[in-house]
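One letter stands for each residue in the lines below.
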Amino acid sequence: MSLTETSVPAVAWKQYRFKTKIYAANLITLLAAQLLGLLLSLRGVGFSGYSTETVTYQITYISGDIIVVITLIWAFVVGYNLAGNSFKQDFVFVSNRLSSHFSNIAYLLTSAVIAGVTASLGGILLRVLVLLAYGGQNHFGLFIPPLDLAGGIFAAILYALLVSAGGYLFGMLVQLSRAFIVLVPGLLIGALYMEVKTTGQARLLLDAINFFVQESSYFLFFVKVFLAVVLGFALVIFFSQRMEVRK
Amino acid sequence: MRAAVECSGLTKAFGSTVAIDNLSFKLPANKITGLIGRNGAGKTTLLKLIAGYLAPTGGSVKVFSENPFNNVRVSANLIFVDDKMTMPQSLNLGEILEAVGGFYENWDHRLARGLLEYFNLNPRQHHYNLSKGMKSTFNMIVGIAARCPLTIFDEPTVGMDAAVRKDFYRALLKDFLQHPRTVFFSSHLLNEISEILDDILLLDQGRCRLYMTKDAVKEFAVGLQGKEEAVAAIAGGSEIFYRKKLGPENLYLVVPNRFSEEELLAARRKGVEVSAVPAEDLCVYLTAKHKGGIDDVFDRN
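From first to last, the protein sequence lines are chains A and B.
By the count of the numbering used here, the first sequence reaches residue 247 at its end, each step adding exactly one.
By the count of the numbering used here, the second sequence reaches residue 1301 at its end, each step adding exactly one.
Hints are supplied without guarantee of correctness; some may be wrong.
Computed cross-link-like contacts, BS3-like style, restricted to lysine-lysine with a CA-CA straight-line distance of at most 30 Å [said to hold, decoys possible]: (1) B/1062 <-> B/1214; (2) B/1227 <-> B/1245; (3) A/88 <-> B/1062; (4) A/88 <-> B/1132; (5) B/1084 <-> A/21; (6) A/88 <-> B/1084; (7) B/1062 <-> B/1026; (8) B/1031 <-> B/1084; (9) B/1218 <-> B/1166; (10) B/1289 <-> B/1245; (11) B/1132 <-> A/21; (12) B/1289 <-> B/1244; (13) B/1174 <-> B/1214; (14) A/88 <-> B/1031; (15) B/1289 <-> B/1227; (16) B/1026 <-> A/88; (17) B/1218 <-> B/1026; (18) B/1174 <-> B/1062; (19) B/1218 <-> B/1270; (20) B/1214 <-> B/1166; (21) B/1245 <-> B/1214.
Examples of chain A residues toward chain B, derived with CB under 10 Å [what the hints assert, rightly or not]: (22) 4; (23) 10; (24) 15; (25) 97.
Partial list, derived from the structure: chain B residues whose beta carbon lies under 7 Å from chain A [unchecked claim]: (26) 1053; (27) 1072; (28) 1076; (29) 1077; (30) 1086; (31) 1088; (32) 1090; (33) 1099; (34) 1102; (35) 1149; (36) 1181.
To be clear, the hints were calculated from the coordinates, so they are not data collected in a lab.
Built from N, CA and C at the ideal position, the CB exists for glycine as well.
Bound conformation, chain A alone:
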């Protein structure tokens, strides 16, 4: 029987298509989670009110943040689970470590795009629902300029990618050694605790979050996320090169 010639990109592409098929249920979970987020958002995220003898008013703050947060949690779980399953599943059929990672990265990218778009659209749906529910005359701020919407979607996609890459990195560390399951959260919380105890505030974590969140330029935000994600994947690829399968 003659040997089959193949290459890493060719195999990675097959694996990517395989994964979109076998992990299709992830999308249903995403939609269910976002629906839940939508319902929770309808109650509003904050209230304030004022009342006198003659006038009573109440302000309800409604925002799509819950949908985004839930979507990001989903992205983390997808990344983490993918890291846990992929070597076990991939090496049953044709794979090497690199092709497995490439197909996973492509899958996470696809997931991030879907998550980012649906989360943003979920926010719009929320506005419409609020309008229908509460009515009102002045639809101030209901309309989102297309460019702003595109920017929001773009940012949401990058956040989802960043978080799912984090989940993937964490999941792969756990695959390397079970100890990381305790070690990573332990170190994070430990470092935070020490910092808060000595300086009174958690600058490290806030700085890390602000590094991404407070970036006002879409381009620079993209560059930051891109570099962080590339660094994460490079780490994973590097330390999993000698990792054994199905010990």
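We have chain A already, so just place chain B on it with the hints.
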């Protein structure tokens, strides 16, 4: 002939346990070789090293002249079938066959569907709902239909009933004859599989105890049975693979078959029965720690 698998000085240790110990052999292409050995002999470890799942501690393993570890070219030409194959939970059996077929260039989908039907597996069932034997049957179907130049079966018949096992051996042999490939097949049931085997590799404590054609294994040893003195006289100082007392006077010995026709004839005249030793028994004797078998344990008391 070009070797499909070549091991030289291959060693694999898990901590202080040496599973594969300085093993060297060449597996010829396009033959069915049986990997035989006791529990814990290192069969699965050896197969996983060949499949590139594990990295050797020492020595080297080559599959189609390349290192199989982390090698996508070797992976594309190899399938490893056992009862622990992870199959996607979200797909049913029919969908799994569709999806898996995409990975293998020589995949025969008609054969896969045909075998699925023959073995009464419903394509709409899910893998995790199958019984042990049905799981093995399904994995075996994937293994055969993939038509990989190197097909590895690690105890593929776990849980299969006798009828299914028989059909499986026949299916494998039929497809092998039409599409010859290298098959490396580990099993405890040497009697059952010996019909489809060309060669036998006997592994004992991570080392190669015996590696020869099936026919040579049949000729390898001979059983002598008769009065103790007569049997001992014929055996002389040769290595004894197995020894069993039969009643107060009689003895059964298994020794290497280095006798000429005349010697065997003379032995028969002295009342010593000369018999062939079935391959499976021989493999048990060769890998036994006690030359008298389990009886040793009881005779000591």
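We went through each hint and held it up to the structure:
1. For the hint linking residue 1062 of chain B to residue 1214 of chain B, the alpha-carbon distance of about 24 Å falls within 30 Å, and the restraint holds.
2. For the hint linking residue 1227 of chain B to residue 1245 of chain B, the alpha-carbon distance of about 10 Å falls within 30 Å, and the restraint holds.
3. At most 30 Å may separate the alpha-carbon atoms for a hinted pair to count; residue 88 of chain A and residue 1062 of chain B meet this at roughly 23 Å.
4. With a C-alpha separation of about 19 Å, the suggested pairing of residue 88 of chain A with residue 1132 of chain B holds against the 30 Å cut-off.
5. Distance check on the hinted pair: residue 1084 of chain B and residue 21 of chain A sit about 21 Å apart at the alpha-carbon level, within 30 Å; holds.
6. Of the supplied pair hints, the one linking residue 88 of chain A and residue 1084 of chain B holds, its CA atoms being roughly 10 Å apart against a limit of 30 Å.
7. Only pairs whose Cα atoms come within 30 Å are accepted, and residue 1062 of chain B paired with residue 1026 of chain B is accepted, the gap being roughly 9 Å.
8. With a CA separation close to 25 Å, the supplied pair residue 1031 of chain B and residue 1084 of chain B stays within the 30 Å bound.
9. Between residue 1218 of chain B and residue 1166 of chain B the alpha-carbon distance is near 22 Å, which keeps this suggested pair within the 30 Å criterion.
10. At most 30 Å may separate the alpha-carbon atoms for a hinted pair to count; residue 1289 of chain B and residue 1245 of chain B meet this at roughly 17 Å.
11. For the hint pairing residue 1132 of chain B with residue 21 of chain A, the CA-to-CA distance comes to about 25 Å; that is within 30 Å, so the pair holds.
12. Restraint check for residue 1289 of chain B and residue 1244 of chain B: satisfied, since their Cα atoms lie roughly 14 Å apart, inside the 30 Å limit.
13. For the suggested pair residue 1174 of chain B and residue 1214 of chain B, the alpha carbons sit about 19 Å apart, so the restraint of at most 30 Å is met.
14. For the hint linking residue 88 of chain A to residue 1031 of chain B, the alpha-carbon distance of about 29 Å falls within 30 Å, and the restraint holds.
15. A distance of roughly 25 Å separates the Cα atoms of residue 1289 of chain B and residue 1227 of chain B; the hinted pair therefore holds under the 30 Å criterion.
16. Taking the CA atoms of residue 1026 of chain B and residue 88 of chain A, the gap is near 29 Å; set against the 30 Å cutoff, the hint holds.
17. For the proposed pair residue 1218 of chain B and residue 1026 of chain B, the alpha carbon gap of about 21 Å is at most 30 Å, so the pair holds.
18. For a cut-off of 30 Å, the pair hint linking residue 1174 of chain B to residue 1062 of chain B stands: about 28 Å separates their Cα positions.
19. For the given pair, residue 1218 of chain B sits about 24 Å from residue 1270 of chain B by alpha-carbon distance, which is consistent with the 30 Å threshold.
20. A distance of roughly 19 Å separates the Cα atoms of residue 1214 of chain B and residue 1166 of chain B; the hinted pair therefore holds under the 30 Å criterion.
21. About 29 Å separates the Cα atoms of residue 1245 of chain B and residue 1214 of chain B, which keeps this hinted pair within 30 Å; it holds.
22. Annotation: interface hint on residue 4 of chain A holds; nearest CB of chain B at approximately 4 Å, less than 10 Å.
23. About 9 Å separates the beta-carbon of residue 10 of chain A from the nearest beta-carbon of chain B, less than 10 Å, and the hint is met.
24. Satisfaction of the interface hint for residue 15 of chain A is found here, the shortest Cβ-Cβ separation to chain B being roughly 8 Å, below the 10 Å cut-off.
25. Against a cut-off of 10 Å between C-beta atoms, the interface hint on residue 97 of chain A holds, since the closest Cβ of chain B lies about 5 Å away.
26. With a cut of 7 Å, the hint placing residue 1053 of chain B at the interface with chain A holds, because the nearest CB-to-CB distance is about 4 Å.
27. The criterion of a C-beta within 7 Å of any C-beta in chain A is met by residue 1072 of chain B, whose closest approach is roughly 4 Å, and the hint holds.
28. With a cut of 7 Å, the hint placing residue 1076 of chain B at the interface with chain A holds, because the nearest CB-to-CB distance is about 4 Å.
29. Among the interface hints, the one on residue 1077 of chain B holds; its C-beta lies about 5 Å from the nearest C-beta in chain A, closer than the 7 Å criterion.
30. With a cut of 7 Å, the hint placing residue 1086 of chain B at the interface with chain A holds, because the nearest CB-to-CB distance is about 5 Å.
31. Because the closest C-beta pair between residue 1088 of chain B and chain A is about 4 Å apart, less than 7 Å, the hint holds.
32. With a cut of 7 Å, the hint placing residue 1090 of chain B at the interface with chain A holds, because the nearest CB-to-CB distance is about 5 Å.
33. At its closest, the beta carbon of residue 1099 of chain B sits 6 Å from a beta carbon of chain A; the interface hint therefore holds under the 7 Å criterion.
34. Hint status for residue 1102 of chain B relative to chain A: holds, with the closest Cβ pair at about 6 Å, below 7 Å.
35. Taking 7 Å as the C-beta contact cut-off toward chain A, the hint placing residue 1149 of chain B at the interface holds, the least distance being around 4 Å.
36. The interface hint given for residue 1181 of chain B holds, since its Cβ lies 5 Å from the closest Cβ of chain A, which is under the 7 Å cut-off.
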